[in-house]
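Enquirer: Sequence:
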Amino acid sequence: MLYKIFYLLTEGTFSLHTIFAAIKEVALFKQEDHLYYVHIILLVYVFLPITRAFVRAADEKLMKYALALWFVLGILFPTVKVFWPFSLLVGIPLQWMLNMTYASIGYGMLGYYLKHHNFKPLHYIITGFIGFILLFSATWYESARQGVFYQHFFEGMTCGVAFLAVGIYGICMILAEMREFSLKIRRALLYGSKASFCIFLVHIFFLKMFPSFGLTVTLFPCLISIPFLAALNLAGSLCVYWILSHVPILKKWVV
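Going by the UniProt record's numbering, 161 is the number at position 161 of the sequence shown; the sequence numbering is gapless.
Think of the hints as simulated: they come from the structure by calculation, not from any bench. What you are looking at is a predicted structure, and each value in this text was computed from that prediction instead of being measured. Every residue, glycine too, gets a C-beta built ideally from N, C-alpha and C. Do not rely on the hints blindly, as some may be mistaken.
Think about it this way: if two alpha-carbon atoms lie no more than 20 angstroms apart in a straight line, the pair counts; the simulated EDC-like pairs of lysine to aspartate or glutamate are [stated by the list, open to error]:
(1) Lys120 - Glu180
(2) Lys115 - Glu155
(3) Lys81 - Glu142
Each pair of labels, with its calculated beta carbon distance range [to be verified]:
(4) Ser225 - Thr101: 32 to 38 angstroms
(5) Tyr65 - Trp140: 30 to 36 angstroms
(6) Trp242 - Trp140: 35 to 41 angstroms
(7) Ala176 - Tyr37: 22 to 28 angstroms
(8) Tyr36 - Trp242: 25 to 31 angstroms
(9) Glu180 - Ala57: 33 to 39 angstroms
(10) Phe154 - Leu223: 17 to 23 angstroms
(11) His116 - Lys81: 27 to 33 angstroms
Please take these sequences and the hints and turn them into a complete structure.
Expert: Written out as structure tokens, the structure is:
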């Protein structure tokens, strides 16, 4: 609802009619684009008792089969569905594909599997590198071919993103187990972890506000402007978290 009020104020359309329209949109889950992830989180948590029971009871063979099935129907299929000959499919075969919401449950199972198997650091590095190459090269090729930025491969349920996620997750696990960080670094990481959900919620505010102050990617060369704006966004989001974390009700239920 805060996003709706923000847009009404910034667009100069704040009135009783637009307020009721905003309430209706929120009630029907027509929210800011990035908030779709909150709906995914809710479903993943609803399924936790089932997924926990499954991973505890499943043997190695069944676990691998479940992950392979998830990868084919929830990751590979969504990746290739827009390309020939898969784009020719109609009817029931298209329904074999897991949609993004239910496919997200598989990431939790994959994380459990990786955490309980001692893969070498090199495996995670190679997997993450392959994911990056797939993501970058496929996006570059299709963007150049179509003349516009092609975003399909950036979707959460695509091969490049999945491989990159495995690589990052595995490297983070290994670093946490193998290295003793200083107290300052551990405190900073813990603070960032606690603030992560708030950052996710509010970072769009800053993305919407930056252009009003002339802060766009054209401000500097992209290699400079993008990291600069990302750092500025992070700093602003952390400030919002710091403020909200000192409000008793919001501290408990929001951040």
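Enquirer: Hint by hint, which ones does the structure fall short of?
Expert: 2
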